[in-house]
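Enquirer: Chain by chain, the residues run as shown.
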Amino acid sequence: MLDNIEILVQAPVITLDLVLNGLLLGAIFALAAYGMALVWGVMNIINIAQGEFVILGGYVAVVMAAYGIHPLIAVPVAALLLYAIGWALYRTVIFRIVDRDLFTSILATFGISIVLQQLMNTIFGGNVRIADAGLGTVFLMNGMVSLAQVKLLAFALAAVLGSTLVVFLKRSRLGQAIRATAQHPRAARVLGIDTDRVYAATYGLNAAICGACGALVAMAYTVHPYIGLPYTIRSFMIVVVAGLGNLAGVIAAGLGLGAAENVAGFVFGTQYQLAFVFLLLVVVLVWRNRRLARKRGYLK
Amino acid sequence: MNAMLEVERVSKSYGGVRANRSISLSVEEGRIVGLIGPNGSGKTTLFSSIVGTHPIDEGVIRFEGREISHLRAADVARLGLIRTFQQTRIYGRMTCVENMLISSSQRGSSLFDLFRARNPLREKRAEELLEFVGLHPKRHLQAGSLSFGQQKLLEFAMALMNEPKMLMLDEPTAGINPTLINGVIDRLKRANEEFGITLFVIEHNMRVIMNLAEYIYCLAHGELLAQGRPDEVRNDQRVVDAYLGSH
Amino acid sequence: MSKSRRPLLGHLAILAIGIAAPLVFPAWQSQMAELWLFIVFALTWDLVGGQMGYNSFGNVVFLGVGMYACVVTQVGLFYQVSAYNDARGGGATIFTFDPRQYFEGLAIGLPVGAVLAALTAAFLGSLVLGMRGHYFAICTLGLGVAAGELANGWEWIGAGSGMVPPNPPGAIGDLSRFYYYLAFALAIVTFLGLRWLYTTRFRFAINAIRDNEDKAEAMGLRTTQIKTTAWVIAAFFLGIAGGILGNLKRFIDPIDTAFAGATFGVWMVLMAVLGGKGTLWGPVIGAILFQVFKEASWTYLLGWQRVALGLLIVLIVVFFPQGIMGFLRERFPAWFGHRVEGVKDMDAVEETKAR
Ligand SMILES: Nc1ncnc2c1ncn2[C@@H]1O[C@H](COP(=O)(O)OP(=O)(O)OP(=O)(O)O)[C@@H](O)[C@H]1O
Ligand SMILES: [Mg+2]
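Taken in order, these protein sequences are the chains called A, B and C.
Following the numbering used here, the numbering of the first sequence begins with 18 at its first residue and continues without gaps.
Following the numbering used here, the numbering of the second sequence begins with 2 at its first residue and continues without gaps.
Following the numbering used here, the numbering of the third sequence begins with 93 at its first residue and continues without gaps.
Don't read these hints as lab results, they were simulated from the structure.
Nothing here was measured: the structure is a model prediction, and the numbers come from that model.
Cβ coordinates follow ideal geometry from the N, Cα and C atoms, glycine included.
One or more hints might be untrue.
Heads up, incomplete: computed chain A residues facing chain C, CB under 8 Å, no partners named [to be verified]:
1. V94
2. L97
3. I250
4. F283
5. W304
6. A310
Beyond 12 Å from chain A on every Cβ pair, some chain C residues (computed) [stated by the list, open to error]:
7. F195
8. Y227
9. G236
10. A238
11. D266
12. V281
13. L372
14. P413
15. F428
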């Protein structure tokens, strides 16, 4: 471990490589986190199935690639498909738990995540899969820094999707309805907004975001039925650090997490990369708690 | 007379809102002291500051001569300074008796005491106090199923169970049926006389506080506006203006 | 008097069933042993999740710590742990344990596991028990997975290829019945221990924390200390369960047996919720029903059993969150002692129409 740190110090270019690659990955984390923040903020639900939505989107790309369709086309397809799945889940399960306590929603979406995991495992098998986009690698600094073109592409797409989403939420009628509902559901209802439909759309939209993320993940990285939870945890962590409704914070935290994870994977060894993610979660929450502890509120 | 509670130049703000500004007051042992002020004048904030729910920005708070400005809520309570809440807080899914049994004084007690066998004296005291506030028939009901007014009474009984030296009540008659208010005043007075508990009471109902308190402080906009005996305060032009101005 | 004798008879009947079951249905012995451990899982989860309102998804940490600590002790008392774990790839040495060594290891290993699990709880509790609600739930979820990943990378305890508990010496043969009775005994002791605990004011204290933690603090209860104690008690019993489970399964996989958040970790919650959170019998009933469902789905829904379990979670949480005991409490409050005495005015009764 110390050796690895020494390498990083002596060859900053390796650090640069790790950080750049991490930032590329981080954009996808940020996008998924934005979706989680949306559902959390609007519906007061922490969606533990977030990561499974991502992986499901990834499998859409994998399957399409197997039929010779370029994974880029899979991005919108996965988004649409996942929108439908999210909407259907809302209509069957989620609408029943919207106004229940957070524990209920955590446990229920946990249940959904288990079902999805197992279905994916049964249908697609337990192997690691990718959706080959057939792109090369860009080399910088005399080949010391290598960036796969597909990762650059994924990064760019994530950025485009993210900005589209932000504009959509600002400008469109649905977006405005979603924001109104987030601020005050009762008032929104009085103003004639059908909050139930808004919730369904919000949950579907989040699933669609995850689906698109997943297609990018399958293209630039890998998918596997059981690696959904880390994506959920990353999203949660990013939202906790950034705070709900803080777009710049989500982007910064997402990119930072991507970079930190990549560097940590190098320093501690990739076998500890997941441990790092989950320990980081614990550290983030403990830090947040310490910060809040002393200014814990005023009680009526 | 020695002051049991001394608050010296205490300030507290929430972000931009300066809820308490350099407030100084004192409560003498054995007295009933009132705290009044229009809505949002910072009364509840002051209570929370005193019992250590949140840290104060400036100032000193002393209880029985001992500085408690930096103690945490549980430790302040263990000194014998107990507050009740404006939005009543009870343990909703426990029965009334259980609410009482867990409310007995924690002064000088350790974790170990929680594992001790039942204490008949404590149980007797719990029943007596439930009788005192008129909740005895409902002692085996879940506290959450009581009406709001009954919950207020239960919270009061729980506070008495704690045998505090000083009890700070946040609007004890709010939400209580007007015909029963006299009963509450009577019980508060008895708690003061018979159990020797010093009372510091926030109250909006002027009739109640004039009837109850021997001395009154009035807050407005986070500052101490006036103080004095009930009739003095009632006739203080600033107090009248503050109340009229806020409505 | 017959009123107080009835529960006694019931308890004796359970005792008799527990003792006779493996003799009558030897084919089901391992499932029943697992059931007794599940009862411990559900009871200890409920101590913190149900009675105290701190919903943990990470209690598997204590299970895993207890399991590894027990087995490592069993081995480490007589051999080098690293050599033992390395040899599984076909080393030159064969590690055998004679009966005295075997039982000595176990007798020391189980308490070591329990104590280490309890210490872990004390340490982690001081860090995370200050969090409220969902932050606690997700933090503990993270702890469970992190522990599994760490064990998965730690060579000394066998890393990802897991660890095999000592083989019982040939002279005593198969010990699965012995472990069945051990699991049974642990379930009984845990049950009785918690039953006693719930007669003390400690139970009121953790209930108070569940119902209104700020109030509990304002009344002078040292909530952090109390919460940590509850978690330590839960971890202690779970640690022993871990030691037994490891030896029962005869193989420890860091992620699938020891720190099995996706299975045991969620199942604990499910069993307690199904039976009824915050009651003594609820977790027991929940564990029994769950084990029956799980085994049935294993038999009849091959390949889809995990899907069925996930669906079960969703169904229970959405449609039956109060659980069996909770349901009974709503329907028959008087059975649970919630009654009005000497009613004077009828409005009072009106008002008390359960929440
Ligand atoms: N947690 C908080 N964050 C921000 N501002 C707060 C907070 N709590 C209270 N305030 C503000 O502080 C001021 C004082 O509030 P406080 O509740 O102490 O008044 P009060 O005298 O108890 O009023 P009331 O008679 O309505 O109970 C108010 O302006 C209130 O809006
Ligand atoms: Mg107030």
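Enquirer: Now tell me, hint by hint, if it's right for this structure.
Expert: Do the hints match the structure? See the list:
1. At a threshold of 8 Å, the smallest CB-CB gap from V94 of chain A to chain C is about 25 Å, leaving the interface hint violated.
2. About 24 Å separates the beta-carbon of L97 of chain A from the nearest beta-carbon of chain C, more than 8 Å, and the hint is not met.
3. Of the supplied interface hints, the one on I250 of chain A holds, with its beta-carbon coming within about 6 Å of a beta-carbon of chain C, less than 8 Å.
4. Among the interface hints, the one on F283 of chain A is violated; its C-beta lies about 15 Å from the nearest C-beta in chain C, farther than the 8 Å criterion.
5. For W304 of chain A, the interface hint is violated, the least distance from its beta-carbon to any beta-carbon of chain C being 10 Å, above 8 Å.
6. Given the 8 Å rule on beta carbons, the hint for A310 of chain A holds: about 6 Å separates it from the nearest Cβ of chain C.
7. Residue placement check: F195 of chain C keeps its beta carbon more than 12 Å from all beta carbons of chain A (closest about 35 Å).
8. Interface exclusion of Y227 of chain C from chain A breaks down, the closest Cβ pair being 6 Å apart, not more than 12 Å.
9. A beta-carbon of chain A is positioned within 12 Å of the beta-carbon of G236 of chain C; the least distance is around 8 Å.
10. With 12 Å as the threshold on Cβ separation, the claim that A238 of chain C sits away from chain A is violated: the shortest Cβ distance comes to roughly 4 Å.
11. Once the 12 Å rule is applied to beta carbons, D266 of chain C is consistent with being away from chain A; the minimum gap is 32 Å.
12. Distance to chain A confirms V281 of chain C as a non-interface residue, since its nearest Cβ pair spans about 29 Å, more than 12 Å.
13. Residue-level check passed: L372 of chain C sits 21 Å from the nearest beta carbon of chain A, beyond 12 Å.
14. Distance check on P413 of chain C: its Cβ comes as close as 6 Å (rounded) to a Cβ of chain A, failing to clear the 12 Å threshold; non-interface status is violated.
15. Interface exclusion of F428 of chain C from chain A stands, the closest Cβ pair being 22 Å apart, more than 12 Å.
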